[in-house]
Structures are given as C-alpha cells and as structure tokens.
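Residue numbers (the working numbering), protein chains in the order written: chain D, 498 to 671; chain Z, 105 to 638.
These are computed hints drawn from the structure, not numbers from a lab.
Where is the CB? At the ideal position from N, CA and C, for every residue including glycine.
Accuracy of the hints is not assured; some may be wrong.
What the hints assert, rightly or not - The calculated label-pair distances, taken between Cβ atoms and stated as ranges, are:
# : chain 1 : residue 1 : chain 2 : residue 2 : range
1 : Z       : A235      : D       : D625      : 38 to 46 Å
2 : D       : G633      : Z       : R296      : 46 to 54 Å
3 : Z       : A235      : D       : E592      : 28 to 36 Å
4 : D       : A547      : Z       : S178      : 44 to 52 Å
5 : D       : A631      : Z       : D260      : 55 to 63 Å
Stated by the list, open to error - Computed list of chain D residues with no C-beta within reach of chain Z, every gap over 10 Å:
# : residue
6 : F508
7 : E592
8 : L629
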Amino acid sequence: MQKKICLLGTFAVGKSSLTERFVKSIFSERYHTTVGVRIHKRTVELESGAIDLIVWDLAGEDEFVSLRTDYLRGAGGYILVADGTRRETLHGAFEMHKSATRVLGDVPFVLMVNKSDRHEEWAIQEADLGGLAAQGWTVLRTSAKTGEGVSDGFIGLARAMVRGEHHGVAPRGY
Amino acid sequence: MPTQSREGRQAGADSRFADALRPLVETALQRSLHEEPEFWAHQLCPFLLPAVRKAVAAAIHDMVEVLDQVLENSLSSRMWRWRYEAWRTGKPLGEIVLLHTLVYRVEQVLLVHRASGLLLASASAPGITTADSDLVSAMLTAIQEFVRDSFHLEQDDAIRQIHTGDFSLWVEPGPLACIAAAVRGTAPVEFRQVLRAATDLIHDEMGAELRDFQGDSQAIEARALPILEGCLQSRWQPRRSGGFWRVWVLLGLAVGALILWSGIAVWHAIEWHRALAALEATPGITVTGTAQEHGHYVLEGLRDPMSASAENVLARNGISPREVEVHFQPFLSLDPRIVMVRVRAALDAPDTVAIAVDHRTVRCSGAASHAWILQARQASPKLAMLGIDQLITDQVEDRDLQGLRSAIEGVRILFDQGSGIIGPAQAGPVKAVVPKLRQWIEDAIAIGRTPRLAIVGHADRTGSDIANAYLSNQRGRHVRDALVAAGIPSGVLTATGEGAGEGGEESAGVVSALHRNVVFRCSTSAESAAGERR
Numbered sequence: 498m499q500k501k502i503c504l505l506g507t508f509a510v511g512k513s514s515l516t517e518r519f520v521k522s523i524f525s526e527r528y529h530t531t532v533g534v535r536i537h538k539r540t541v542e543l544e545s546g547a548i549d550l551i552v553w554d555l556a557g558e559d560e561f562v563s564l565r566t567d568y569l570r571g572a573g574g575y576i577l578v579a580d581g582t583r584r585e586t587l588h589g590a591f592e593m594h595k596s597a598t599r600v601l602g603d604v605p606f607v608l609m610v611n612k613s614d615r616h617e618e619w620a621i622q623e624a625d626l627g628g629l630a631a632q633g634w635t636v637l638r639t640s641a642k643t644g645e646g647v648s649d650g651f652i653g654l655a656r657a658m659v660r661g662e663h664h665g666v667a668p669r670g671y
Numbered sequence: 105m106p107t108q109s110r111e112g113r114q115a116g117a118d119s120r121f122a123d124a125l126r127p128l129v130e131t132a133l134q135r136s137l138h139e140e141p142e143f144w145a146h147q148l149c150p151f152l153l154p155a156v157r158k159a160v161a162a163a164i165h166d167m168v169e170v171l172d173q174v175l176e177n178s179l180s181s182r183m184w185r186w187r188y189e190a191w192r193t194g195k196p197l198g199e200i201v202l203l204h205t206l207v208y209r210v211e212q213v214l215l216v217h218r219a220s221g222l223l224l225a226s227a228s229a230p231g232i233t234t235a236d237s238d239l240v241s242a243m244l245t246a247i248q249e250f251v252r253d254s255f256h257l258e259q260d261d262a263i264r265q266i267h268t269g270d271f272s273l274w275v276e277p278g279p280l281a282c283i284a285a286a287v288r289g290t291a292p293v294e295f296r297q298v299l300r301a302a303t304d305l306i307h308d309e310m311g312a313e314l315r316d317f318q319g320d321s322q323a324i325e326a327r328a329l330p331i332l333e334g335c336l337q338s339r340w341q342p343r344r345s346g347g348f349w350r351v352w353v354l355l356g357l358a359v360g361a362l363i364l365w366s367g368i369a370v371w372h373a374i375e376w377h378r379a380l381a382a383l384e385a386t387p388g389i390t391v392t393g394t395a396q397e398h399g400h401y402v403l404e405g406l407r408d409p410m411s412a413s414a415e416n417v418l419a420r421n422g423i424s425p426r427e428v429e430v431h432f433q434p435f436l437s438l439d440p441r442i443v444m445v446r447v448r449a450a451l452d453a454p455d456t457v458a459i460a461v462d463h464r465t466v467r468c469s470g471a472a473s474h475a476w477i478l479q480a481r482q483a484s485p486k487l488a489m490l491g492i493d494q495l496i497t498d499q500v501e502d503r504d505l506q507g508l509r510s511a512i513e514g515v516r517i518l519f520d521q522g523s524g525i526i527g528p529a530q531a532g533p534v535k536a537v538v539p540k541l542r543q544w545i546e547d548a549i550a551i552g553r554t555p556r557l558a559i560v561g562h563a564d565r566t567g568s569d570i571a572n573a574y575l576s577n578q579r580g581r582h583v584r585d586a587l588v589a590a591g592i593p594s595g596v597l598t599a600t601g602e603g604a605g606e607g608g609e610e611s612a613g614v615v616s617a618l619h620r621n622v623v624f625r626c627s628t629s630a631e632s633a634a635g636e637r638r
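Using the sequences plus the hints, can you model the full thing?
Have a look at this one:
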C-alpha cells in the first residue's frame with residue numbers, strides 16, 4: 498500500500514528539517530528551488546500492514562513564490578507545517594489548507610506546529626491551537642530538533658488515510 | 105493514435121476470449137492424451153524428431169558461439185583496447201563494453217498512476233540496479249506537472265521524451281496511467297508503438313482497477329508486469345562473423361597440447377622402462393614391484409650391499425632420483441659378479457690380480473706379492489662363508505719369488521780352463537747362492553709350487569766336443585754336490601752339462617773364461633689342485 502501525501506508550509510517553517518531527519522530521500526535540496534518540490538519516502542507500520550508514504554515536500558510559499566497546486570493532485574492527505582515562533586506562518590498554513598481543499602476536497606490532514614523545543618519563544622498562543630482543535634483539526638506540537646511529535650504525525654495521517662477518515666480524527670496517542 | 109487504441113482493444117478482446125476457451129481446450133487435450141497416447145505419439149513424432157535434431161544442432165552451435173565469444177572477449181585486440189579504456193577512464197569494463205556494443209537497451213519500465221504519481225508496477229533489465237522506483241515515479245510526475253504549469257500546457261499534454269547524453273526517457277501517457285521507459289542508447293522509432301500498445305493493453309485490461317486505485321497496487325502489478333517486461337527490449341551490434349576461427353585455433357592448440365603431452369608421457373614411459381631394465385640387469389639388484397603414486401615412481405625389491413646404487417643406475421638412464429621412491433631390502437646375492445666383488449673384498453686383492461668365479465671355485469691370475477698369496481691361501485674359512493669351496497692361485501705370479509729366481513739365475517760360477525774341480529774360486533759363489541736357493545725353495549713350497557733347479561755346466565770351445573761334454577757335465581755335478589753338501593735337498597736339483605753350447609764366437613780370452621761356467625735355471629710347477637683345496 499502506498500499513499501501520496503504533501504508537506505505544505507510557508508518559507509522557513511522547518512519542513513526541510515523535518516524531512517531530512519525523518520524520511521528517506523534520493524533527491525537533493527536543489528529540487529526545491531528548481532522544480533519546486535522534493536519527493537521523499539517514509540514507511541510506517543500500521544496494524545493493517547506497512548504503508549509507504551510518498552511525501553511531496555512542496556517549496557515554501559512566500560511573497561515571491563506561490564504554491565504549485567498541481568503538485569497536490571492525487572494526494573491522499575497532507576501535512577501543514579507552521580513555525581510556533583512566527584505567528585504569520587499559521588496564517589500561511591490556513592491559506593494552504595484552503596488551496597489544498599480546493600484541489601483535493603475533504604482529505605485527512607494534520608497541522609504540525611514546529612519548534613516545540615523553543616516553546617518559550619512561541620508567538621502562537623495555545624488558545625489559537627485550541628480553537629483549531631475545536632474545529633476538528635489535528636494539531637501536533639513538533640520539533641525537528643528533538644523529534645517530538647513527528648512520527649505521531651506521519652502515523653496518524655497514514656492511519657486516517659487508510660481508514661478513509663477525514664480531518665478531525667485524532668491519531669492514537671494524542 | 106485512435107488506430108493504435110483500436111489495435112490495443114482488439115488485442116485485449118482476443119486475450120479475454122483465449123482465457124475463456126483455455127479450460128475447455130485443456131480438458132479435452134488431457135483426456136485425449138490419456139486415452140490415445142499412441143495416436144498422439146504417431147502424430148507428434150514427425151514434428152518432434154526434426155525439432156529435437158534442430159534443437160541439438162542449435163545447442164551445439166550456441167555452445168561454439170559462446171566459446172568463441174568468450175575467446176574473443178579474452179583475446180581480441182578490441183577487448184584489450186576496451187580494457188585499457190576502462191583502466192584509463194576508471195569505469196567498469198562492463199560499462200565500456202556496453203557503450204561500444206550497445207545499440208539500445210530498455211533498462212527500466214515504470215507504470216505510473218497519472219493522478220497521484222504513485223508507482224503501479226516496474227520492471228528492470230537483468231543486472232540493472234535502480235534507485236527507488238516509487239520516488240522516481242513521483243518525481244517524474246512532478247516534472248510533468250512542472251513543465252505543464254511552467255509553459256501553460258493543457259492537462260493532457262505530457263513530456264513524451266527526455267534526452268540526456270546517450271540516455272533517454274520515453275513516456276507514453278494513457279488516460280489513467282503512463283508508461284515511462286528508461287532507454288540507454290538510441291531506440292528505433294518503432295519502440296514508441298511498443299509502448300503505445302502496452303499502455304492501451306493495460307488500460308483495456310485494468311481500466312477499472314486504475315480508476316479505483318487507492319494506493320494498493322498489488323493486483324495491478326501482478327497483471328501489468330508481463331506487459332512491462334515485454335517492453336524491456338534491447339539490440340546489440342551484430343558480432344562480426346569470423347567462422348569461429350578462435351574455436352578452431354583453440355581446438356588445434358588443445359589437440360597439439362594433447363599430442364605433445366601424450367608424446368612426453370610415452371617418451372617418459374619408454375625411458376622409465378629402459379631404466380627399469382638396466383636396474384634389473386644390475387648384479388645384486390632384484391626388483392619385486394613398481395608403482396606410480398602421485399606423479400612419482402615407487403620401487404620395491406632387494407639389493408645386495410655390494411651392488412651399485414639403484415639411484416645411480418636410474419640417474420645414468422635419465423630418471424632423476426627425485427622422481428623415484430626406492431624401498432629396497434638388503435640381501436646376499438649369489439650372482440657371480442657380486443660374488444667376485446665380495447671375494448675380492450674378502451681377499452683384499454690388489455688391482456694386479458684378476459679374479460674369476462666359476463660356481464664354487466675362485467681362480468686368481470695376474471701378479472702379487474708373496475705375502476698376499478700366502479694370505480689368500482689362508483683365507484679359505486672366510487671364503488667358505490661366501491660359498492666358495494676352492495681357491496686357485498696357480499696363475500698368480502709371485503713377484504718376490506720371481507725376484508729370488510732372477511737373482512739365482514744371475515749367478516755364474518766360473519772355472520779354470522780344463523778344470524771341473526770346486527776350488528776356492530768356486531766355493532765362494534756357491535756358498536753365496538745357498539741362502540737364496542734355500543729361500544726360493546721354501547717360498548715356492550709355501551705357495552704350493554714344486555721347485556726345480558737345473559744346474560747346467562758349460563765349457564769353452566777350445567777343446568773337443570767330447571772333452572767339453574765331459575768337462576761341462578763334471579762341473580755341473582760338482583756344483584750340485586757342493587749344494588747338497590751345503591744342505592740343499594738333492595731332490596730339487598738336477599745337474600747336466602751342455603758342452604760348449606752357450607756363448608757366441610770367441611774373440612777374446614776373457615770371453616772364453618766366462619764360458620767355462622755353471623749356471624742355474626729355476627722352475628716351479630703347481631702341485632696337484634687337491635693341495636690347495638680346503
């Protein structure tokens with residue numbers, strides 16, 4: 498079983514750090530700046546068997562680069578990444594969520610709020626995240642540095658995709 | 105394109121029809137074969153036998169061709185050039201050969217789900233290692249999207265070919281999945297039709313599965329794999345036909361080597377048998393067994409310690425001692441030649457003595473000292489141990505005895521004219537010769553000879569023959585009497601007179617005086633052989 502998932506987030510939210518540490522890749526960082534996407538692979542073990550996640554790591558969107566929504570086609574789910582120390586990245590995640598919903602419809606996704614190891618510097622309030630959770634979002638506090646929450650994010654999204662569940666279904670262990 | 109699609113659909117329909125008929129046909133054939141095997145054997149024989157012959161001939165041809173190719177790869181100058189190129193460029197030899205001989209080869213074929221970019225199935229040429237195909241599949245899709253987005257192309261437009269160096273990627277898109285083929289070299293344009301037919305066939309046969317694809321590609325992969333493998337085509341530069349001359353050269357060399365080896369083996373066997381014959385002819389050596397173990401010979405037998413060394417005999421006949429392992433037990437040989445050697449050693453015979461062995465008798469000849477002859481005559485017990493009953497030394501000249509004889513025969517007792525009387529002038533020489541005579545007689549008897557001393561008187565020619573005969577006889581008798589009186593046994597002595605028989609023409613009175621003499625002539629004769637028996 499294999500599933501395509503996309504990794505979305507604005508510029509410098511730590512997507513590359515997440516992928517460098519937790520997925521397998523054969524393509525260099527240069528693909529981000531040329532083609533606008535890097536492809537990675539992460540195999541997760543679920544109760545139903547192993548599932549290969551083909552991770553499309555889309556280049557971060559900023560004022561100069563817009564999201565190539567064509568890359569979203571065929572994805573079974575996606576991961577939104579925000580930087581906890583920069584509040585505007587959460588807004589970027591919202592915008593990307595809208596774009597993804599337009600292309601993919603209602604598919605499973607998770608929000609990873611990165612840099613949990615620097616929690617004291619966070620600009621995103623717990624209340625903001627609580628509000629999102631109340632809306633059915635699956636929100637994870639992650640750290641590329643310590644690995645906190647990253648595996649849970651991938652496994653939870655994989656499990657949700659296999660079950661055919663949509664957002665709002667929290668991965669086990671949350 | 106529509107024509108190709110129709111062809112693909114037709115092929116799909118045919119395939120389904122064949123699948124439906126297969127169980128029925130198989131059952132009918134199995135039943136007929138079971139019930140009428142002879143009928144089928146008769147029907148099939150005319151086809152099978154030529155086919156078997158052809159297959160055997162083809163197998164032999166293939167074997168020769170493979171051998172020729174191996175030889176060419178090992179020996180040809182072209183291959184050595186490629187080896188040098190590989191060494192110079194640091195590339196593997198296989199890659200260099202591939203570059204020089206390959207027209208094209210499809211190294212990998214991927215079946216990619218168009219919507220998600222997920223890999224549905226893949227096939228690779230033998231020996232090709234590929235990166236993660238699922239990542240390549242996704243990246244290929246991303247690039248397709250990138251190109252479409254960058255150049256504002258329609259959704260159905262797709263990259264169909266990418267070239268880089270001698271490598272190209274052929275993409276054949278279908279509505280739901282596309283086939284991507286990685287090609288090294290230059291594939292012919294017809295290859296596009298192959299890919300198109302494969303894509304159509306996959307869509308015809310697996311359309312529903314492709315539409316409902318949710319990430320589980322197992323079912324699609326199993327059915328699509330044979331189709332993808334059909335796309336793994338390749339073409340190589342035809343080999344230059346040389347009539348398999350390398351094979352013939354190799355066979356010739358092999359036959360030559362075999363002949364050479366056989367010749368050497370035969371020559372060596374002849375040499376070995378010749379050496380063995382020489383060894384068996386060597387006195388005192390008896391070969392009881394030969395064997396060949398681990399490339400060297402093993403000899404077993406008996407050897408008299410007095411015989412020649414077996415290793416030396418073999419070496420003289422061209423067999424190195426390193427080639428032979430000799431296991432000889434010691435024994436006493438009765439071969440006359442060995443007995444002779446042993447007797448010579450026992451007697452400590454000098455080189456001047458020759459020894460001949462005849463059965464149990466040893467005959468010595470030549471010359472030796474008186475002491476050696478005496479010692480030899482005392483060696484009977486020693487010889488008896490060697491199986492010798494009789495030793496004959498009659499023919500050995502006693503050098504010491506010969507010396508005494510010469511001294512005695514050199515004595516000349518002179519007389520006055522007309523006198524046969526032993527006066528003071530004669531008594532002196534007679535007395536002087538007595539010890540020599542006694543010694544000579546004793547020594548002769550000691551070695552088994554019988555001594556005879558002839559005392560011969562002479563006269564000069566001044567008188568008549570009758571007077572001279574009388575006078576010479578008288579002189580001889582008087583000397584004999586004098587010797588007998590001195591103790592010489594009379595039985596050994598004989599006295600005669602020869603008148604004026606000795607000497608030449610008388611030219612001076614001194615000469616005539618020398619002719620009035622008595623001289624001695626010594627002789628010995630062997631005693632009866634029985635005297636020397638033990």
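Status of the hints after comparison with the structure:
Look at Z:A235 against D:D625: about 42 Å separates their beta carbons, and that is inside 38 to 46 Å. Here the CB-CB span from D:G633 to Z:R296 is close to 50 Å, well matched to the stated 46 to 54 Å. Distance hint for Z:A235 and D:E592: a CB-CB separation of about 34 Å, consistent with the stated range 28 to 36 Å. Hint check: D:A547 to Z:S178, Cβ distance near 47 Å, so the stated range 44 to 52 Å holds.
For D:A631 and Z:D260, the Cβ-Cβ distance of about 43 Å falls outside the hinted range of 55 to 63 Å, so the restraint is violated. The beta carbon of D:F508 is kept farther than 10 Å from every beta carbon of chain Z, the shortest such distance being approximately 19 Å. D:E592, annotated as away from the interface, keeps every beta carbon of chain Z farther than 10 Å; the closest lies near 19 Å. Distance check on D:L629: its Cβ is at least 27 Å (rounded) from any Cβ of chain Z, clearing the 10 Å threshold; non-interface status holds.
Violation of the numbered hints given earlier is confined to hint 5; every other hint is satisfied by the structure.
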